[in-house]
Structure formats: C-alpha cells, structure tokens
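J.: Residue numbers (my numbering), protein chains in the order written: chain A, 1 to 228; chain B, 229 to 456; chain C, 457 to 687; chain D, 688 to 918.
Worth flagging that the hints you see were computed from the coordinates, not collected in a lab.
Only a predicted model underlies this, so the values are computations on that prediction, with no experimental measurement involved.
There may be inaccurate statements among the hints.
Stated by the list, open to error - Derived list of chain A stretches under chain C, where covered just means 3 residues or more per stretch with a C-beta under 8 Å from a C-beta of chain C: (1) 103-113; (2) 123-134.
Claimed, not checked - Below 30 Å or equal to it, Euclidean Cα-Cα: the simulated BS3-like pairs (lysine-lysine) are: (3) K444/B x K375/B; (4) K820/D x K778/D; (5) K837/D x K589/C; (6) K589/C x K606/C; (7) K837/D x K606/C; (8) K27/A x K606/C; (9) K837/D x K778/D; (10) K778/D x K147/A; (11) K820/D x K255/B; (12) K606/C x K778/D; (13) K147/A x K216/A; (14) K375/B x K255/B; (15) K375/B x K837/D; (16) K837/D x K820/D; (17) K606/C x K547/C; (18) K147/A x K606/C; (19) K375/B x K547/C; (20) K547/C x K589/C; (21) K778/D x K589/C; (22) K147/A x K27/A.
Glycine included, C-beta positions come from ideal geometry on N, C-alpha and C.
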Amino acid sequence: MTSPFPEPFSNPLPRELMVLRVCRELKDGMVVNLGLGLPTLLADIIPGDIDILLHAENGVLGYGPYAAEGEEDPDTINPGGAHVTLRPGASFFNSAESFALVRGGRVDIAVLGALQVSEAGDLANWMVPERGVGGIGGAMDLVAGAKRVIAVMEHTDRSGRPKLMRECTFPLTGRRCVDTVVTDLAVIQVTTDGLMLTELAPGVSVEDVQLRTDAKLSLSPLLQEMQF
Amino acid sequence: MTSPFPEPFSNPLPRELMVLRVCRELKDGMVVNLGLGLPTLLADIIPGDIDILLHAENGVLGYGPYAAEGEEDPDTINPGGAHVTLRPGASFFNSAESFALVRGGRVDIAVLGALQVSEAGDLANWMVPERGVGGIGGAMDLVAGAKRVIAVMEHTDRSGRPKLMRECTFPLTGRRCVDTVVTDLAVIQVTTDGLMLTELAPGVSVEDVQLRTDAKLSLSPLLQEMQF
Amino acid sequence: MNKVFESAAAAVEDVFDGATIMVGGFVGVGAPWELIHALVRHGARNLTCIQTATRIEMAPLIEAGLVSRMITSFPGYASVGQITAFERRYKAGEIELEVVPQGTLAERIRAGGAGIPAFYTPTGVGTIVAEGKQSAWFDGREYLLERWLKADFALVHAHRADRFGNLAYRRSGRAFNAVMATAATVTIAQASEIVEPGEIDPEDVHTPAAYVGRVVRCTTGHNTARKGAEE
Amino acid sequence: MNKVFESAAAAVEDVFDGATIMVGGFVGVGAPWELIHALVRHGARNLTCIQTATRIEMAPLIEAGLVSRMITSFPGYASVGQITAFERRYKAGEIELEVVPQGTLAERIRAGGAGIPAFYTPTGVGTIVAEGKQSAWFDGREYLLERWLKADFALVHAHRADRFGNLAYRRSGRAFNAVMATAATVTIAQASEIVEPGEIDPEDVHTPAAYVGRVVRCTTGHNTARKGAEE
Numbered sequence: 001m002t003s004p005f006p007e008p009f010s011n012p013l014p015r016e017l018m019v020l021r022v023c024r025e026l027k028d029g030m031v032v033n034l035g036l037g038l039p040t041l042l043a044d045i046i047p048g049d050i051d052i053l054l055h056a057e058n059g060v061l062g063y064g065p066y067a068a069e070g071e072e073d074p075d076t077i078n079p080g081g082a083h084v085t086l087r088p089g090a091s092f093f094n095s096a097e098s099f100a101l102v103r104g105g106r107v108d109i110a111v112l113g114a115l116q117v118s119e120a121g122d123l124a125n126w127m128v129p130e131r132g133v134g135g136i137g138g139a140m141d142l143v144a145g146a147k148r149v150i151a152v153m154e155h156t157d158r159s160g161r162p163k164l165m166r167e168c169t170f171p172l173t174g175r176r177c178v179d180t181v182v183t184d185l186a187v188i189q190v191t192t193d194g195l196m197l198t199e200l201a202p203g204v205s206v207e208d209v210q211l212r213t214d215a216k217l218s219l220s221p222l223l224q225e226m227q228f
Numbered sequence: 229m230t231s232p233f234p235e236p237f238s239n240p241l242p243r244e245l246m247v248l249r250v251c252r253e254l255k256d257g258m259v260v261n262l263g264l265g266l267p268t269l270l271a272d273i274i275p276g277d278i279d280i281l282l283h284a285e286n287g288v289l290g291y292g293p294y295a296a297e298g299e300e301d302p303d304t305i306n307p308g309g310a311h312v313t314l315r316p317g318a319s320f321f322n323s324a325e326s327f328a329l330v331r332g333g334r335v336d337i338a339v340l341g342a343l344q345v346s347e348a349g350d351l352a353n354w355m356v357p358e359r360g361v362g363g364i365g366g367a368m369d370l371v372a373g374a375k376r377v378i379a380v381m382e383h384t385d386r387s388g389r390p391k392l393m394r395e396c397t398f399p400l401t402g403r404r405c406v407d408t409v410v411t412d413l414a415v416i417q418v419t420t421d422g423l424m425l426t427e428l429a430p431g432v433s434v435e436d437v438q439l440r441t442d443a444k445l446s447l448s449p450l451l452q453e454m455q456f
Numbered sequence: 457m458n459k460v461f462e463s464a465a466a467a468v469e470d471v472f473d474g475a476t477i478m479v480g481g482f483v484g485v486g487a488p489w490e491l492i493h494a495l496v497r498h499g500a501r502n503l504t505c506i507q508t509a510t511r512i513e514m515a516p517l518i519e520a521g522l523v524s525r526m527i528t529s530f531p532g533y534a535s536v537g538q539i540t541a542f543e544r545r546y547k548a549g550e551i552e553l554e555v556v557p558q559g560t561l562a563e564r565i566r567a568g569g570a571g572i573p574a575f576y577t578p579t580g581v582g583t584i585v586a587e588g589k590q591s592a593w594f595d596g597r598e599y600l601l602e603r604w605l606k607a608d609f610a611l612v613h614a615h616r617a618d619r620f621g622n623l624a625y626r627r628s629g630r631a632f633n634a635v636m637a638t639a640a641t642v643t644i645a646q647a648s649e650i651v652e653p654g655e656i657d658p659e660d661v662h663t664p665a666a667y668v669g670r671v672v673r674c675t676t677g678h679n680t681a682r683k684g685a686e687e
Numbered sequence: 688m689n690k691v692f693e694s695a696a697a698a699v700e701d702v703f704d705g706a707t708i709m710v711g712g713f714v715g716v717g718a719p720w721e722l723i724h725a726l727v728r729h730g731a732r733n734l735t736c737i738q739t740a741t742r743i744e745m746a747p748l749i750e751a752g753l754v755s756r757m758i759t760s761f762p763g764y765a766s767v768g769q770i771t772a773f774e775r776r777y778k779a780g781e782i783e784l785e786v787v788p789q790g791t792l793a794e795r796i797r798a799g800g801a802g803i804p805a806f807y808t809p810t811g812v813g814t815i816v817a818e819g820k821q822s823a824w825f826d827g828r829e830y831l832l833e834r835w836l837k838a839d840f841a842l843v844h845a846h847r848a849d850r851f852g853n854l855a856y857r858r859s860g861r862a863f864n865a866v867m868a869t870a871a872t873v874t875i876a877q878a879s880e881i882v883e884p885g886e887i888d889p890e891d892v893h894t895p896a897a898y899v900g901r902v903v904r905c906t907t908g909h910n911t912a913r914k915g916a917e918e
C-alpha cells in the first residue's frame, strides 16, 4: 500500500537550524519557557550578548546550558530531568509559584513541540490517541498563560502526514493559542485569516510547503528566505 | 438619666489575670494567633516549658515577647506594629502565605478581642457603628480558619452594657465562630444549646454574671472557680 | 537587561490620573516611602489605591488629595481616639471605600498575579463583606466568590534587588510587598541595596525578576517601623 | 514539641487502606525515596496517589500493586518507546486515572492547603480537561472551575528540617514538595539533615512548622536526579 501523502521533503532543515531560527525571536530581557524535546536545545545556543530568563515549570527562572559531565548539581534540573547550569540572576520557587508566573502572563514566549497545529492556531501536543496515554505536563498552562506561543516541529510526520491541519485530529492542548510555527520547511504565522507563510527554508518553494500542508496557506507580501 | 444597665461589677479580674487564664488553654506544639489589643499581652507570659508557635498575620510564625528597649529589630513586628523578638524555630512568609495558613486550618487557637458575642457564637469585633469606620484586618479570616476561637473581653462595656448578647447588634466578624469566651467575670463556653458558664472569677457569683449578660446562661455541672 | 532607574521620580513619571496603585508596607515596615513621596510630588490624581491599612503608608497620598478610591482592610481604627486623614476625607465623601478582610485582600492580589480571576473563600460569610457577592456550597460549607485584584503599578520596598529585578525582602518586610509585586502591570521596587545578578543567592530571591519592571536604589537609610505603633 | 520519628517505617505506620497520598519529587529530584519504600513495605492498599508524573517516584508503589487511583499530569510519555508500570496497569483496568494539567495540579494542591475550595483557571478550556467542569466568563475570557486537592498524608523530601517541623528544600527540590507539604492532614518529611530549631534561618524556611506533622532523618545519602532522564 502506498502512502496517501506526498513524499517527505528531500532536504529539510536540520533540527539545529530550526532551533537557531527560533532563537532569533528571543530578545534581551525576555522570559522564555522551553517545552520538552526539540525546544530544550535552545538553552545551549542563546547568544551571550542578551539576557534571557529561561523559566522551568519545576521552579527555576534563569537556568542556562546543560551541565558539563562531572559538574552536575543533583538538584538543578530542567523539567525534562536533565542537569542544567544556572545563569547569574536565577531564582528558585515552588511549583504553585511557577505556574502562577505562567498563568499570570509573565512568560513572554513559550516554545513548544507540536504534533499538530490548526489554521486557527489550535495546538495538539500531548497525546497520540493510538498510544492511548499521553502526558499533558505544563503545556496546557503554558498555552493559556504565555504572551506568545511558538510551535516548533517537523512539517510532516515520518510517513509524510501533514501536521499543519485545517482542524487538529488529536486531543487539543489549547485552542487559538499558537502564534508562530517554525518547521523544517518554513515559518508560518497564525493570523485571524488563517496561516500565512512568511519564510521559506533555503531550497524550499511555496509549492513544496503547500503540498505538505493540510490547511491553505496565504503568502506574506514580505515572504523571504529564513535567516539564522 | 440613669443607666438602664446594672452597675459594673465592683472587683472584676484585672487584664493580666484574664490573659493568664487564656494562657492555660495553650498546649505544647500549638499554633496560636493573638489578635490586636488585650490578646497581644499573651506573647509575654507563655511559660518557658512549652513550645507555642505564635502566628502573626503579617508573615511571622514563632515570634516571642516584646523586644527590649534598644534591642528592636526594625523589620520584626507583630501585626500591631510593635517590635517583637523571635523564638528559635521562627519563620517568615508573605501575607498571602500567612492567610493561606490561617484559612487552611493550621491555627489551633485564635485569641481575639471582642465587642459582642452572641449566644450562637457570633462575633462582632471590628466596628462600633456610631464611630462609622472600622478595621476588619485579619479577624474575619481568623474566625473562618482557626480550629478554635477564644474571645477575650470585659464582660460589659464601660457603661455596663452587656457584651454577651442574644443577638449581636454590631456588624459581625463571623457567625457561629466563637468557642470560648474569657471575661473579667467568667469563662463561658458556646454550646449548641447556647452559652454555658463553666468558671467564675474569684468573688463573682452566678447571679453577678447573669445580671450582666443579655443572653441566658446555663450552668456547667462542673462549674468552678477560675484557675490561673 | 537593566531595570535600574536613576531616581524614584523617574520611576513613577508615567503614573497616570485614574491609575490603580498597590502600595506595600505593613504598619510602616517595608513601606516604599521614597516611591510614595515621589508619587506625591508627581501628582497623578484620582488614584485607586490598594493597601492593607490607611493610616501610615497612605497618609501622604491621602493628605495630598490624590486618592479617590481605597481598597483596604483597615479603613479606621476602632481602638484609637484620633481621626485619620482617610476617615476625614471618607466621611466628607471625597474617597470611595471598599473594605476587604486582610486575608481576602492578600488572596485577591495573589490571584491577580497568578492568573486566577476568581476563587471561593470562607472568609466573610454572614457578614457585610458578603453583600452583593455570589456564594456557593462545597462539602457542606458556604463560601464567597471573590475576584482577583490587579493594578497598573505596584510600589514596593525590597531589602536587596539586582538589575534584572530580582527582589529579596527582609523579615516582616515581605508581607504584602511580595504579593503586590506579582500583580501589577508595572512593579516598581525601591531597594536598600542594588547588587549584580547572582549576588542574591537563587534560593533567597522572594520575587523573581519576571515580575519586576523597575528598580530604584533608596537614597535614605533603612526603613524603620514605628515603635509600638499599635493599630 | 518534637516531631522527629525514629524511622521511616514508624512515620508511615498508620497509613490506611484507601488513603489519599501526595508524593513529592520531580523527575526524581526531591523524591521522598525512604518514605516511598517504607510505604511499600507497610503495604497499605487501594491508595489514591497524587504525583505530577507516574514513571519515577510512583514506580515502586505501582509495581507493588498498592495504587488504585492516580491523579497526575504525566500518565504516559508520548516521546518514549517503552511502556511504564503505570501504563500497563492502567490499560489492564487496575488503576483509575485523573489527568490534570501540571499548573492546575499545583494550584489545586495549593488551594487545598490555603482553604480555597474552588477557583477559576484559564488552563484547559476547549480541551478534554474541560469535560464535565463548570465554566464561567470573566472580563471576556472563559475559565474552568477547579476544586482543591487534599490528602490524608503527604510524603516529601526536605534538605533540612528541625524538630518543630520547619523545612527547607534545596534548589529544584522545592517544586511540588513545598506545595504538597501544606495540603495533607499529616505531612511526613524525610530530611537529609535534622537540626535544632533556630538553625534554619527564619528567612530560609520554605515550609513553616505549622504544616508538618512528622520528620524523619534520611539514612542514605542525598537524593540525586537521574542524569538526563528526559521525559
């Protein structure tokens, strides 16, 4: 049986460059939360000339890159359980305080992995129904509270199935919550008129992207190639 | 015009002894909140052989007696603004945490001043209507949250008007919240059947008390003289 | 990232007529005196102010006639003979009053900072505080529905601050300061000392930098409570 | 006042069949391992457990078949291939599940400790979390009504404790431990170190003694997180 979906794109952006593209959205002084998976890579590449406060659900503000082998502090982890370092100006607090900060609107950007994003900006990122049991973690709180949500994901799943949908088919994390989607093919903004393609990865055409997108894309008048 | 009320009792208990009587209710390990006014005197007379954690609404648990002249810490006060000392094992927290502890039922005894107490245990202690503007402070939270409320007050006001009423006439602090009343004449328990006289101050008769009480008092089968 | 302002005057410069202001401090301890006095000089009017009491921290703003609405747990002092500036102006009809039990006040401010628009509390059931409020029963007990409180500006006093806006209070200076600092669009902190990020131990930060917009170094010495200023 | 128990076994001795237990720890950091293992040995059954995840701290209790209901934000791990003890027993119908977003879980526990029976939150609107819940609109936005969570026992790990029950956590060991410690009828803390009252600076106490019923000294070394144990 052949796949009903187009071939995956031959030369998508590597994960490192997707993350580098997301990093350009971070500005000095911002509070940023990085979801599990791909977004956590950002912690290691934030430029030294800006001060970003990375927020971790488990009660840390201002953590830094992964700890070097042998220099791990046993009680300093990111929400994924990886040992991280602290930047100067960090603080610890409990989980209720941590999510108070999130719901209270103090997170400027939440960068989250995604399974599906709809043209209305609905996000599904916690459960693949055929696996049966998912993990919500802090994602629902983050999409409810963060000022801006950036979803970062491969443009399609491994079988080529589009992840940018007219409607999500997986259980939702939140409705109308995603502002920007960064994929291995493009950058897409969620507007009140649906999805707008604003940037293309090097070597990717508008057709390449639309072919692999379930929702209809509009084109930004300022459509350009992704910068890193 | 003569007063419609009986003469004030000639030889009521001094404030120091009222407070000493209340002190006998405190047991090792208890968390106790002392309201403004008369109850604050308790902080100075807690026996050294029991550990009581005094809770202050402004975010202290485990404060001690008043600070000696010249030894005041500028940032260590009770809710009345008086400089106090700390006992070993004290802790500081913010006002939201302080009242979380109160509403959460962690205060074993709240000792509060009172303007009026009704036979149902209603308490009025924050406003004299003719003065027009009162101060609720933390009293409504304390009566809602403390496991036990002891009201301590003179048995009548200065004109001889009873303060133990069938119904309070002043604005309430809380309904059915007072468990015990300690006055300068007697100790009275609030029961489901109304007020029960359990102890008499030295030299005070049942009639002396009932005469100066608007509500009907029942007599405890164990009625005794107050011990200090 | 540098949130340090050169002066209290500069830090309160954009406070506008009709703004809602939370004012920290408890019986004078942890009172943001320099910001309060800067605000008096700035002169924004028709302020709605939120403070647990009216007698001490609020006095300069009330006496200057800048306050038109007060949300407080201590509008007056039943046990004190003298009348305060607040009581005088309130009775003259110049200031509107919303009386809130102190714990409900703290929880409403905390809710404002925590993105909780409303919550149920047992405090005030059966009293005048319940008037006009929804109530509901849970597990056999009645509770009142209370709404969050937020402000345009919060004025707080910290013991130490860094240029990211991390704050540490001293002892009972924490009280309402640490709660109000979370609930305003712009939180302005005066601090006895300003240090470099990292100098406040991450375990000792009471208000994380995310909540704080502006930091000003105190020019006068450490605040002191009024000795024996019992309410 | 002396809340120190001689052993973890003695501290969990009265945990009864059908009890509700909050279990602290986050990906193993701040996990109350000695109390967890004592509870496994004690063997109380049909427990309702509250933990932010199911894979690490809960594994010994679930594998021993003691848990019949789980309230958690991470029942499974979408990104991990292997199936956990929880997933196996859940799919076999042996454990009931209530999935709660992590922030709502923290806030519900905090509400349990704070005497707030219910509150409104924006989290989960329009998702399966909203099913069967009341919602209300405030200022043009929809919110869900969530109930407090309380427990019969909370098991937490502290870095330092004193015999009054004051607790101080270390770094991200604070997370859920400090919240759960406020919301149980009996809070049981294991601590790496037990000191005399006063040795923990009053500014450094994270959980005041009023919340804590029992304290046990850890017999093993300091807990460590699983390196890179990414969920």
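J.: With reference to the structure, classify each hint as holding or not holding.
T.: The hints, checked one at a time:
no., hint, in the structure
1, 103-113, "holds (count 5)"
2, 123-134, "violated (count 0)"
3, K444/B x K375/B, "holds, 26 Å"
4, K820/D x K778/D, "holds, 25 Å"
5, K837/D x K589/C, "holds, 26 Å"
6, K589/C x K606/C, "holds, 19 Å"
7, K837/D x K606/C, "holds, 28 Å"
8, K27/A x K606/C, "holds, 26 Å"
9, K837/D x K778/D, "holds, 26 Å"
10, K778/D x K147/A, "violated, 37 Å"
11, K820/D x K255/B, "violated, 43 Å"
12, K606/C x K778/D, "violated, 45 Å"
13, K147/A x K216/A, "holds, 26 Å"
14, K375/B x K255/B, "holds, 14 Å"
15, K375/B x K837/D, "holds, 17 Å"
16, K837/D x K820/D, "holds, 19 Å"
17, K606/C x K547/C, "holds, 26 Å"
18, K147/A x K606/C, "holds, 17 Å"
19, K375/B x K547/C, "violated, 37 Å"
20, K547/C x K589/C, "holds, 25 Å"
21, K778/D x K589/C, "violated, 45 Å"
22, K147/A x K27/A, "holds, 14 Å"
Violated hints, in rising order: 2, 10, 11, 12, 19, 21; the structure is consistent with all others.
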